[in-house]
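S.K.: Keeping the supplied structure of chain A fixed, place chains B and C upon it in accordance with the hints.
Each chain is listed here by its residues.
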Amino acid sequence: MIELRDVSKTVMSGAEPLTILHPLSIQIPHGQFVAIVGPSGSGKSTLLGLIAGLDAPSSGSVLIDDVDITQLDEDALAKLRGEKVGFVFQFFHLIPSLTAYENVAVPMEIAGVADARPRAEQLLEEVGLTGRAHHYPSQLSGGEQQRVALARALANNPKIVLADEPTGNLDTANGRHIMELLRTIHAGRGTTLVLVTHDRELAAMAEARLVLRDGRVVENTLRQDQGGRSE
Amino acid sequence: MAVRETRASLRRLFFFFICIAVGVAAIVALRSVIQSVRGVFGAEAKSLIAADVLISTSRDWTPDARRTIEGRLAAAGVVERTDTIETPTMVRPEDRSKAVAKMAELRAVQPGFPLYGSIDLQGQTYSPALLAGHGVLVRPELLTAIGVAVGDQIAIGKAAFTIRGLIVKEPGRGMGEFSLGPRLIIAYDDLASTGLLGFGSRARRALLVKMPEVGVDALVKTLHEDFKDDFINTRSFRSTEDQVGRDFDRAENYLSLVGLIIVILGGIAVSSVTRVFILQKMRSIAVLKCLGARSGQIIAVYILQVMALGTAGSLLGVAMARGVIASIPLMLGPSTSILAQAHYGVTWSAAVQGAGIGVLVSLLFSVVPLLQVRFIKPSLLLRDETVRRPRDWTGIGVLVAVSLALVALTAWQAASLKVGIVVCVGFATLAVILHFAGQALILLIAPMANSRSFPLRHAVLHLSRPGNQTRVILLAVGLGAFFIVGVRSLQASLLSEFSLQVAADSPDMFLLDVQRGQADGVRAFLGDPAHGAGAFQLIPVLRARVVGVSGRRTNLETVEAVRARGSLAREYTITYRDHLEANEHVRDGVFWNGPSSEAEVSIEQGIHDRFLIDVGDTIRFDVLGRTVAARVTSVRNVEWRESRNGGFMFVFRPGVLDQAPQTFVAPLKGPDGAEARARFQHDLVERFPNVSVIDFHDVMETVRDVMSKVTLAITVVGGLVLFSGGLILIGAVAMTKFQRVYEAAVFKTLGANTRTIARMLLFEYGVLGSLAGLIGSLGAVVLTWGVSTYAHEIPWKVFAGEHIAGVVLTALLVAIIGVVSSLDVLRNKPLATLRAE
Amino acid sequence: MTMMKCWLAAALALTVAGCAPRSDDRDDLSRAASKELAVTPVAARPRIAILGDSLTAGLGLPKAAAYPSLLQERVDEDGLGFEIVNAGVSGDTSAGGLARLDWALDGDVRILIVALGGNDGLRGLPAEELQHNLAQIIERAQARGITVIVAGMEAPPNYGRDYIVSFHKVYPALAAKYHLAIVPFLLQGVAGHDNLNQRDGIHPTAAGARIVADTVWAVLRPLAESRRRPPT
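Protein chains in written order, with our numbering: chain A, 1 to 231; chain B, 1 to 837; chain C, 1 to 232.
Chain A on its own, in the form it takes in the complex (with noise of 0.2 Å):
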């Protein structure tokens, strides 16, 4: 379960303040498939990144199965990334100077996990990319390295997976792709998933929409008990 509870962002921009995210509340109940959507600059980026508690709110708090992670210093949210989260980026962030495998196994091996080479393996192989566990990421093709970025999101099993644009920067097939196994991750796993996007045909896929403009919550069709506006 995700809760925010009058989560807003102000950043300054030279001498005056810009208000990036206006205070919202909003629950992800375990198991969602939620899409954020909304045009560039709506925000849905950020309330990305605070859910995975990469940035700060500047008031407010987020609660990740009850527990308030803005309270967390930066290794205890390290170590919550570590154990329940995924993150896929829309520029895939794959660490160059490691193989794909390697790459996947790094959370693992971050969390100290005894069996990461077959997991890692494995991974790869749901993704389709056994032959090419040994290539570097400049040597794989995007939707290639955006299949790695998603099994090492995977690596320890996360409860939650949030993808940033993940078919951002894909052509249809790979983003089809991409997408496909996005679904089969949730349906198979029972993962919450949040995916930023602001492909409308993407978004159609989720169980659940919250569209954001203007850094305000436009619509919100997450099965709610407080807070938000039901259809």
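Simulated from the structure, these hints should not be mistaken for laboratory data.
Careful: at least some of the hints might be erroneous.
As a list, the in silico DSS-like pairs of lysine-lysine whose alpha-carbon atoms are at most 27 Å apart [said to hold, decoys possible]:
1. B:Lys210 <-> B:Lys228
2. B:Lys158 <-> C:Lys169
3. C:Lys169 <-> B:Lys228
4. A:Lys159 <-> A:Lys84
Beyond 12 Å from chain B on every Cβ pair, some chain C residues (computed) [claimed, not checked]:
5. Asp76
6. Gln142
7. Pro172
8. Arg199
9. Ile211
Being a predicted model, the structure only gives us computed values, none of them experimental.
In this text, a Cβ means the ideal position worked out from N, Cα and C, and glycines have one as well.
M.R.: Chains B and C in isolation, oriented as in the chain A frame:
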């Protein structure tokens, strides 16, 4: 988001700016200090001979010689000149009732003397007026020796002179000029009235010359040519005929080397900034390409940017240099008074050169990476692909041009094409060595990639994978460490050389001609605390000639054959003793213990080398008409520069020569204070009238004074090198953080905590730093060997402390900088970092 | 005139600057065509000993070019049968000569030439000291039945008239007192002539040494002839 990116890149720009400024500041500050220190050296060296050029003869000037000299001086643009005559003579009080005569050394000077330096008097200032009308200035010990006081008259030759003052220090008395008696100074025009100069008189006439410095060496050379067959010597303040001259020369060499090295270090700083700056701009360049910009336009735009950055950084560097230099006197405290002549300001030429080098180097180093612009495709924006470069003749051409420009730059700074090429080739060699060392390192540490420790394993992986920075850091840090450690150990070797000469316990008095029957008496006199002498030694000396050698490699049966060997036939001063001196060590054979009735001799390395005489050979000596056949039982090496207590080509085993006629010489540390020394000499000569005392305390003092200035100057320069070199290294290492922060941020999103990442960086930079330090230190050993042997001609010593400290400090510095410079990434939220990339 | 400075340089070199090896190679100055002194065993030949300083030792010259070796040639040419012993020590003063007298008088010495004083003069040692030391040398030699010749020295003019005169008086006074043959000035015709002296202006060249040998030979020859047989 855009705001944050701008802010991040502004901070980065500022960092680049500071790095360039530090590099340029180092160049400007050091070169300014070096120029200033050179000025001080020059002034000191000139005061040692009181002139720029000194032309002297032990004979009368012939009209021909004077005409030749006048012609040469006029051509050389001499500004000022003055004549002096020095002669030993006897002086006594004019009052005949006190009929004590004392040998003294007289110097007759014209009003222009000295051209450099000053005559220091007790309680008054020298002016030529003091000498007018038969005035004389004397060393205080004369007063004691012949029982007179200031204001009394003394007889010099036929004339009477009034003592007008006491000499404390007199310029133009370099090392190697010793007097047998107290010094006197009179007016040149009064000399004739003494009647001392006539046929057969022994006098040294000198012409002191002040002239523009540029022409000095040429003038000396010409006069050497003119008078190579005459009894006329010419030397300049730069001459290296004596120890002090050689020391000046070495100090100069050291400064030139440091000046050159700092240019290269500064260049490294500037170039590493430029490189990273350009690499960071690749994405923007792709955007520009998307917008239709042609490669040429883009290159022009970025060259302009780099030049703007270089110029601004250089100007800041000049300002920083000013600040640093202004603070030197503050940091040195009162001890600067002896470097008071040095002006602590930025010299114009240093500033212009430094800034010019800053801009030029940034330009040169930006051209090569910028050439890649031609291969950057706009698709870089879509796919994060590496730029693949086809064979590129233009690129190679530019590379060659840039290399040539760097050689030219170095040659300009070294003021010698040869040195420029040598330095650049050495530089390139070192770079190649560092490159291969990097590869060797990667192979060496590869097994550690299987380590169970996550930080260690990933540190190793980073170092050994494509796109790693191993070589870049090794190059920058290795070269930096090499130069800094090299400069430090050269400094240490130079200063240890100087300290030999300024050691406070060095003998400063010398007794000559102590007879065997007087040895015990003299020993008792010197040992008596009432006389105030310090450490002393009585050394027996005899005279001998080699008249035959029978050995394995050399057989010289007849005296004729010995003579054919040149100097072996000369008269040698020999001694006997049963111990080695501190400055000697045995190279071959065994040094004896105790006396023997068999004649044994220990020969110096030089005799062994030049005449092929070995242990086991027999040398026949003629000792005052008797032949002594001595077996060579050891070969000694004498450190001649440390020969305070004597250096002998031949040392005999005690026993055979004990009864041969011999005299004793005694180097000793005389009492402190002019009064005590005068009293000491007076008492000694009264007891042992045939003993001659040579006092070279004031000469030693002069040398000591000069050497301590040189030492301080070199220490200041060395300190600046360490300081600026350290800053440059910090910059070069910190620069690599821009590649690190990205990975650190990704690791963070994957759950790595600060400690893990910090340890990873620590391992990685620690390994790099250790290797760079090691290679740098080893390189520095080679550098000091080369410079000591070929440029300074001093024995090569390894200053293990400097080198070990070099390795350890480099490793620590690099590791700490590596971690600390990434601290902000470790602390901050990773998203900002990832977005900025 | 004399040898002080060189010895001084050498002596100082011992202590201060070090006898740098490279300076060694300068001193085979003269290519004098003179024959080498044969290394004769200490045999029964009667001897003429010359007790002197660097002028006698031949500083800066090969030993064969020093004036004692030239005298040996004259002795041999005339078939006088003497062996000339060069007891010259560079830098020696009259006090040093006195101290090593016994060493120099080893063997059947019949004539002693005392050629000392140059260094006393150069160091400004008192003339009375010189006279006293030389007197003792003469007395001890005469006590052994040796014929003594004294060779005079002059102090150079720069030492001032007083000193020169006191110095100059020493040798004739000794000659008169002990009834000695005298060479009035050892460097007669050599001192002060640039072409006859080495660079230091003190020590004769090979050509200078030949003049010195002539000067001494003129005084020595008659005595050598008369002392061929030991006095009965």
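S.K.: Under the constraints set out in the numbered hints, which ones does this structure not fulfil?
M.R.: 3 and 8
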